[in-house]
Amino acid sequence: MPHVLVLNASYEPLGVVSLRRALVLVLDKKAVSLEDTGVLMHSATTAISAPSVVRLTRFVRIPFRGPVPLTRRALFARDGGRCVYCGGVATSVDHVVPRSRGGQHAWDNVVAACRRCNHVKADRHLADLGWRMKRQPAPPTGLAWRIIGTGHRDPRWRPYLEPYGTAEELAHLASGRAMSHHHPDFPPPAPAELTA
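Counting in numbering that gives the first Met the number 0, the sequence shown runs from 0 upward without gaps.
In case anyone wonders, no lab produced these hints; they're calculated from the structure.
Fair warning: this is a prediction, and the values are worked out from it, not measured in the lab.
Wrong hints could be hidden among the right ones.
[What the hints assert, rightly or not] Computed spacing ranges between beta-carbons, pair by pair:
#1 Pro138 to Pro162: 39 to 45 Å
#2 Phe63 to His104: 21 to 27 Å
#3 Pro154 to Gly102: 22 to 28 Å
#4 Thr90 to Ser17: 25 to 31 Å
#5 Ser99 to Met0: 52 to 58 Å
#6 Met40 to Pro97: 47 to 53 Å
#7 Ser17 to Pro162: 47 to 53 Å
#8 Ser99 to Lys29: 20 to 26 Å
#9 Pro97 to Val38: 45 to 51 Å
#10 Thr90 to Ala43: 27 to 33 Å
#11 Pro154 to Arg64: 21 to 27 Å
#12 Asp122 to Pro154: 16 to 22 Å
Using N, Cα and C, we set each Cβ at its ideal position, and we do this for glycine too.
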């Protein structure tokens with residue numbers, strides 16, 4: 000079932016809900032639809048366009064939000080679903096400084112990697128292999144990551160999330176899928192050791 004972006008009355012992103020929940024909010028006049036999918040939903044007495052973005056009619060106070068939780072889904076969203084070493088499709092999580100060598104399970108030490116690069120790197124440092132990353136891992140910031148980290152994406156959400164995240168962080172929302180391996184933030188093909 001499609002998901003819908005929910006904005007506070009102040010247009011601040013709050014979260015993502017199911018289409019059914021969003022329709023209930025709109026029909027109960029607790030929210031207004033800002034963007035529609037173009038698909039009509041029918042009941043016995045009415046037809047309504049399925050929303051993609053809704054804004055609450057009343058302001059909801061949100062308590063302080065801490066750092067973005069480190070989850071596999073959020074990590075893959077941060078790295079665009081691509082291996083930070085070769086640019087291939089990421090299927091695993093790698094610790095840049097291996098945990099066996101004192102590396103922490105933290106945003107600045109964890110990256111998305113393809114199975115092959117992760118296997119070749121194993122518990123070695125990048126310097127041991129002569130590998131480098133074009134982009135250093137860092138914790139994601141901004142309210143937009145609360146949404147992007149859920150794994151639900153819709154290009155219609157981008158204008159509402161841009162004020163709360165950088166253009167680079169939101170780049171993969173333009174097409175509604177993860178960034179391609181041709182994105183300038185991804186490193187060139189894997190070292191020769193991987194292609195042998």
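Of the hints given before, which are not true for this structure?
-> Structure breaks hints 1, 3, 5, 7, 8, 10 and 12.
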